[in-house]
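Residue-level listing of the chains:
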Amino acid sequence: MTPTLQAFVLVSGALFSIGLLAALSRRHAIFILIGIELMLAAANLNFIAFWHFAPQPHQPTGVMFAIFSIAISAAEAAIGLAMVIAVYRHYHTTNVDQLDQLKG
Amino acid sequence: MNNAAFILVAILTLAAALAAATLRKLMHAALSFAAALVGLAAFFFLLGAEFVGLALVFIYIGAVAVLIVFTILLTRRDVGKDRGFNWAGVLIALAVFCGLTWSILKTQSLSIVAPHIRALTVKRIGEALMTGYVWPLQCVGLLLTAALIGALILVMEEKR
Numbered sequence: 001m002t003p004t005l006q007a008f009v010l011v012s013g014a015l016f017s018i019g020l021l022a023a024l025s026r027r028h029a030i031f032i033l034i035g036i037e038l039m040l041a042a043a044n045l046n047f048i049a050f051w052h053f054a055p056q057p058h059q060p061t062g063v064m065f066a067i068f069s070i071a072i073s074a075a076e077a078a079i080g081l082a083m084v085i086a087v088y089r090h091y092h093t094t095n096v097d098q099l100d101q102l103k104g
Numbered sequence: 001m002n003n004a005a006f007i008l009v010a011i012l013t014l015a016a017a018l019a020a021a022t023l024r025k026l027m028h029a030a031l032s033f034a035a036a037l038v039g040l041a042a043f044f045f046l047l048g049a050e051f052v053g054l055a056l057v058f059i060y061i062g063a064v065a066v067l068i069v070f071t072i073l074l075t076r077r078d079v080g081k082d083r084g085f086n087w088a089g090v091l092i093a094l095a096v097f098c099g100l101t102w103s104i105l106k107t108q109s110l111s112i113v114a115p116h117i118r119a120l121t122v123k124r125i126g127e128a129l130m131t132g133y134v135w136p137l138q139c140v141g142l143l144l145t146a147a148l149i150g151a152l153i154l155v156m157e158e159k160r
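As they're listed, the protein sequences go chains E and U. Those letters in the first sequence? Residues 1 to 104, by this note's numbering. Those letters in the second sequence? Residues 1 to 160, by this note's numbering.
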């Protein structure tokens, strides 16, 4: 017996929810970035799973989507972490609740 | 691909991801994040996408996780721990999880077994990248270059 597409999509949904939990509930900027990366990883798992279970999986479309998505999330991580370091230099904190200078 | 391997990898991935989301020490969370990515790469191997699994290991564990660890070390004076915890976020994440699970379980067309497929070789991926996907490939190259130069400029010391 082999796992069905449903099992993979369920795991992907759970991974997405965990990423959302990290992004919404933690107050440290690096945790928020980790949460966003987890959500992107869940999306990549969905791409690969739907490609694998497609009726005609000869076209590598899902794999291409996953490769480009990985490249873009690497760029996103580099920019995000650079912003964390820049914010830390200016405010000496990485807690996103304390970065409230624009608050009215 | 059998059920035992799937369940094992699923438990490893979800437990490591949950640890990354909830552990109080940042460094432990970053290492759990790397473990979760190892599990994800194992999923890609199970699904027959070996190239993407290897790329995931190289890019995420080799670059992104190391970058996160470096950032933690560079910003360490600001307590290694995360004190605040927003319970509204937990509620929202739980609601999203329940909604997703309910809708996935309701969808009948998802309970299919994989068709028998030819293995996807690196040669075919390379051919596809160099023929049908040349423009996206060039755009991603440009984006990565711009993003890395931008990251360098962001963290450069300001000289006065």
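The reader is advised that the hints may include incorrect statements.
Straight-line C-alpha distance at most 25 Å; calculated SDA-like pairs for lysine to any residue [what the hints assert, rightly or not]:
1. U:Lys123 to U:Trp135
2. U:Lys123 to U:Gln138
3. U:Lys123 to E:Phe68
4. U:Lys25 to E:Phe68
5. U:Lys106 to E:Val87
6. U:Lys25 to E:Thr4
7. U:Lys106 to E:His90
8. E:Lys103 to E:Ala7
9. U:Lys123 to U:Gly141
10. U:Lys25 to E:Phe65
11. U:Lys25 to E:Ala7
12. U:Lys25 to E:Phe50
13. U:Lys123 to E:Gln98
14. U:Lys25 to E:Arg27
15. U:Lys25 to E:Lys103
16. U:Lys25 to E:Ala54
17. U:Lys25 to U:Gly89
18. U:Lys25 to E:His92
19. U:Lys106 to E:Phe50
20. E:Lys103 to E:Phe50
21. E:Lys103 to U:Asn86
22. U:Lys106 to U:Lys25
I should point out that these hints are in silico values taken from the structure, not numbers from a laboratory. Being a predicted model, the structure only gives us computed values, none of them experimental.
Hint by hint, here is what the structure shows:
no.	hint	result
1	U:Lys123 to U:Trp135	19 Å, holds
2	U:Lys123 to U:Gln138	19 Å, holds
3	U:Lys123 to E:Phe68	17 Å, holds
4	U:Lys25 to E:Phe68	32 Å, violated
5	U:Lys106 to E:Val87	45 Å, violated
6	U:Lys25 to E:Thr4	36 Å, violated
7	U:Lys106 to E:His90	50 Å, violated
8	E:Lys103 to E:Ala7	44 Å, violated
9	U:Lys123 to U:Gly141	20 Å, holds
10	U:Lys25 to E:Phe65	34 Å, violated
11	U:Lys25 to E:Ala7	32 Å, violated
12	U:Lys25 to E:Phe50	36 Å, violated
13	U:Lys123 to E:Gln98	51 Å, violated
14	U:Lys25 to E:Arg27	13 Å, holds
15	U:Lys25 to E:Lys103	29 Å, violated
16	U:Lys25 to E:Ala54	41 Å, violated
17	U:Lys25 to U:Gly89	19 Å, holds
18	U:Lys25 to E:His92	19 Å, holds
19	U:Lys106 to E:Phe50	17 Å, holds
20	E:Lys103 to E:Phe50	43 Å, violated
21	E:Lys103 to U:Asn86	19 Å, holds
22	U:Lys106 to U:Lys25	38 Å, violated
The structure shown violates the earlier hints numbered 4, 5, 6, 7, 8, 10, 11, 12, 13, 15, 16, 20 and 22.
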